[in-house]
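Student: The chain contents come next:
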Amino acid sequence: MSTIMEQMPIVFQALNVGFVQTLKLFFVTLLGAFPLGLVIAFGSMSGFRPLRYLTRIFVWIIRGTPLMIQLLIIYYFPGLVLGKTIWGGGEDGRFLAAAVSFIVNYACYFSEIYRGGIQSVPKGQQEAGLVLGMTKSQIFFKVTLLQMIKRIVPPISNEIITLVKDTSLARIIALQEIIWAGQAFLKGSQGISGQIWPLFFTAVYYLVFSGILTLLLGWLERKLDYFK
Amino acid sequence: MAILEVRNIEKSFGSTKVLKNIDFSLEQGQALAIIGSSGSGKTTLLRCLNFLERPDKGKIVVQGETLFDADDPATMREKDVRMKRLHFGMVFQSFNLFPQYTALENVMLANQLLEKEKPGFKEHKKEIYAQIEEHAKELLDKMGLSDRADHYPHQLSGGQQQRVAIARALALHPDILCFDEPTSALDPELTGEVLKVIRSLADQNTTMVIVTHEMAFARDVADQVIFMDEGIILEQGDARQVIEHPTQERTKQFLSRFAEK
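Protein chains in written order, with our numbering: chain A, 1 to 228; chain B, 1001 to 1261.
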């Protein structure tokens, strides 16, 4: 039986590997969901009714069901029902399936926040731009965009902090993220078993990371505080 | 020749006729006040002049050039409309300043964007921007706001914001400056400073169309008055004449409500 001091390097090595996977899922999700959310937002505001309704029903389904179910269905459905795994095997396949699930899920949440942001900029701003001879795109980029961003930073920050912890849901399809790495030492891995303290440290990783994000997002919010 | 001719403008929203057979003209350097109760079509008329609404019928002619003709779709091309708008300046009831820009930047922005599109901009960017800034500062100075140039809109009072908005409209040298109830969103003690600015513009023979509820102001500053009621021009003529001696029963009724105050 080794002492905790001897176990530590092994545990942190494993937790670090898991945390890299957590971070990868986190950033890939944001990278995909930010633009996809905008596309969905425009769909849900479209003047073309069938598109608007379809988009809103899609958003309703995604926001109305647990992300965990979506993960399971997206990962297993192609292989079990269509008889063809489209995600590829191993950890890469699991990551791809998890990334797609997370991107779609978060894009739907973002789309609603974007929609609120776009619609909250008063119409008078656009009209003021028009009477000053600006084009539609000049009005969007020079007048409304920054006002929109300012309004959506707080709600988006909330979603980003939630995402940090939601990445652990990918554990359900055995993605080797940090919880998976910590839990391994409960069951037994690399000669260490029956240990719960590694799981406490996974919590510390989350806390530190979300703490850094909170500071960054707070800074961004203050940066945009110069106008009302 | 009149600088502005509005010929038989009609406009409906759904089945509601908001403007009926609106016909008037305005001479260069004159101020026209449009009065009437809420919902009489005054604001819609201004919005038609600024191409924010498209009339169903009629013509708008500025300095002999037909800017809009409901019978000629060629006058409605989106690309041209943008430039036609520049014949008119617009000051809104709720100011509509851009909150993320300072007072000075608000006044400069449109000019900077317009200059950017012209050939030779890149080579002379510095000089052009310096000129725009100098002009904008002059305008703010004229509005009595030279010490507020670097303030953001939320740091300004309503009256100051509206004066910035007037400077912003003047920056593009419009032929005709339109005001849509410029003091209606202001606290009573702030209306004076805005009216004073408009009065001084009138003294400098700025051609203006002013929708207002300030009757004394309309009488003293405007050359002409139009009284609108339910989408039609019920009475029009010399400002003092119409406001002090209205001929129509409806106009008398409307004006008497102000006299009581």
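Hint data in this document are derived by calculation from the structure and do not stem from the laboratory. Because the structure is a prediction, the values reported are computed rather than measured. Any given hint might turn out to be false.
Residues of chain B clear of chain A, computed beta-carbon distances all greater than 12 angstroms [to be verified]: (1) Ala1070; (2) Glu1078; (3) Lys1122.
Derived lysine-lysine pairs resembling DSSO-like cross-links, with alpha carbons at most 30 angstroms apart [said to hold, decoys possible]: (4) A:Lys142 / B:Lys1118; (5) B:Lys1142 / B:Lys1126; (6) B:Lys1252 / A:Lys136.
Glycine included, each C-beta is placed from N, C-alpha and C at the ideal position.
Student: For every hint, state whether the structure bears it out.
Tutor: Tested hints:
{"no.": "1", "hint": "Ala1070", "result": "20 angstroms, holds"}
{"no.": "2", "hint": "Glu1078", "result": "9 angstroms, violated"}
{"no.": "3", "hint": "Lys1122", "result": "18 angstroms, holds"}
{"no.": "4", "hint": "A:Lys142 / B:Lys1118", "result": "18 angstroms, holds"}
{"no.": "5", "hint": "B:Lys1142 / B:Lys1126", "result": "24 angstroms, holds"}
{"no.": "6", "hint": "B:Lys1252 / A:Lys136", "result": "44 angstroms, violated"}
Checked against the numbered hints above, the structure violates hints 2, 6; every other hint is satisfied.
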